[in-house]
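Student: One letter stands for each residue in the lines below.
There are 6 protein chains.
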Amino acid sequence: MPLVNIRITREGVSAKQKQQLIAGVTQLLVDVLGKNPATTVVIIDEVDTDNWGIGGQTITMQRAIEKNQP
Amino acid sequence: MPLVNIRITREGVSAKQKQQLIAGVTQLLVDVLGKNPATTVVIIDEVDTDNWGIGGQTITMQRAIEKNQP
Amino acid sequence: MPLVNIRITREGVSAKQKQQLIAGVTQLLVDVLGKNPATTVVIIDEVDTDNWGIGGQTITMQRAIEKNQP
Amino acid sequence: MPLVNIRITREGVSAKQKQQLIAGVTQLLVDVLGKNPATTVVIIDEVDTDNWGIGGQTITMQRAIEKNQP
Amino acid sequence: MPLVNIRITREGVSAKQKQQLIAGVTQLLVDVLGKNPATTVVIIDEVDTDNWGIGGQTITMQRAIEKNQP
Amino acid sequence: MPLVNIRITREGVSAKQKQQLIAGVTQLLVDVLGKNPATTVVIIDEVDTDNWGIGGQTITMQRAIEKNQP
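Chains as they are written, first to last, in our numbering: chain A, 952 to 1021; chain B, 952 to 1021; chain C, 952 to 1021; chain D, 952 to 1021; chain E, 952 to 1021; chain F, 952 to 1021.
Take the hints with a grain of salt, since some may be wrong.
Which copy? The list can't say, so a pair holds if one copy fits it or any two copies do.
Taking lysine-lysine pairs in the DSSO-like style, the calculated list, with each CA pair at most 30 Å apart, reads [claimed, not checked]: (1) K1018 <-> K967; (2) K1018 <-> K986; (3) K986 <-> K967.
In case anyone wonders, no lab produced these hints; they're calculated from the structure. Please read all numbers here as calculations on a predicted model, not as lab measurements.
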């Protein structure tokens, strides 16, 4: 019955990787807490890099700075 | 003042159905808790079937399996 | 499979009222979207009035003002 | 280390405004709580006006009513 | 930079189990997506069984029914 | 109408600081987006340090390590 919400930036995560995340976190809840995998829900939110900030700056700006560094 | 967040898979919910969900859940909070409908907020998140997992599998995979069953 | 999160202030909601909210919103999702009630999850978060603000003011402060009004 | 989630309607917020929100809320957490800005995360969710309800009505419907008022 | 939110019922999860969940899900994001563990945040919410419903019923009620079954 | 959710560790934030956070973020949404403060909602979630992880470790463990450093 656990719910897991994974929030990541929208930067080309494939359907296969999403499936791996969902399978992996479901198994983790079985292993650590003995939860029933059949009712474990995992939702992945992909967030635009303009809409995600860390250190007071959007990820879009940080990616641009990283790109310009030698 | 209550906040309600409804998360469903993105599978063709119409604007009319969204309106029915919002009206229905707002009325429920009036009926059960006596909340003021004017300040009751309802947000519906539609999530891609690739991004929603249950039982360790994405909904996309489950829909494909269901389709292939006789 | 839908998930519903209801956030309300912590002001003495009874176990019976919580049960009514959960039953009511689950039925609404059956009626409007034809969702399976067996996998519909509803989580109620109760939030202290010090931790909830509207109009730039905590609910604690607003309740105090309301109380002092004739 | 704080996390901030800002949910607004999707109505043409610019990248510059998003940057201002992220910078402003990060600074607020430094000023009020002395938090480290380097690990402060801000995520902005833009929600379609069909998917946001207040007073039992979608914002889409409310915008239409406002437009028709003299 | 990913954020993970794990919501489970409040039923005696130990500090050691929480640590295992946090370490496990952080490693999963490294393995599947190559994310930086240093900025991966995991938050565990424990929810009272009165406040969690599935199948239109609180977990409290479901635990009571299970207990009475032979 | 915006909603803001601030999640911080539960480490002695005062009612006054919460009021400052709520007032500050509400004003920010007025200044940057011209939002109506009367319908701006801010919710602060305080999370136990056992339930918050970063870098694969709970904050409880990190605080203990910091304390033991000369």
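Student: Please go over all the hints and tell whether each is borne out by the structure.
Tutor: Now for the hints, and whether the structure bears them out:
Taking identical chains as interchangeable, the C-alpha atoms of K1018 and K967 lie at most 30 Å apart whether they share a chain (27 Å) or sit on different chains (20 Å). When the C-alpha separation of K1018 and K986 is checked against a cutoff of 30 Å, the pair qualifies only between copies, where the shortest distance is 18 Å, while the shortest distance within a copy is 43 Å. Taking the shortest Cα distances, K986 and K967 sit within 30 Å of each other both inside one copy (24 Å) and across copies (16 Å).
Checked against the numbered hints given earlier, the structure satisfies every one of them.
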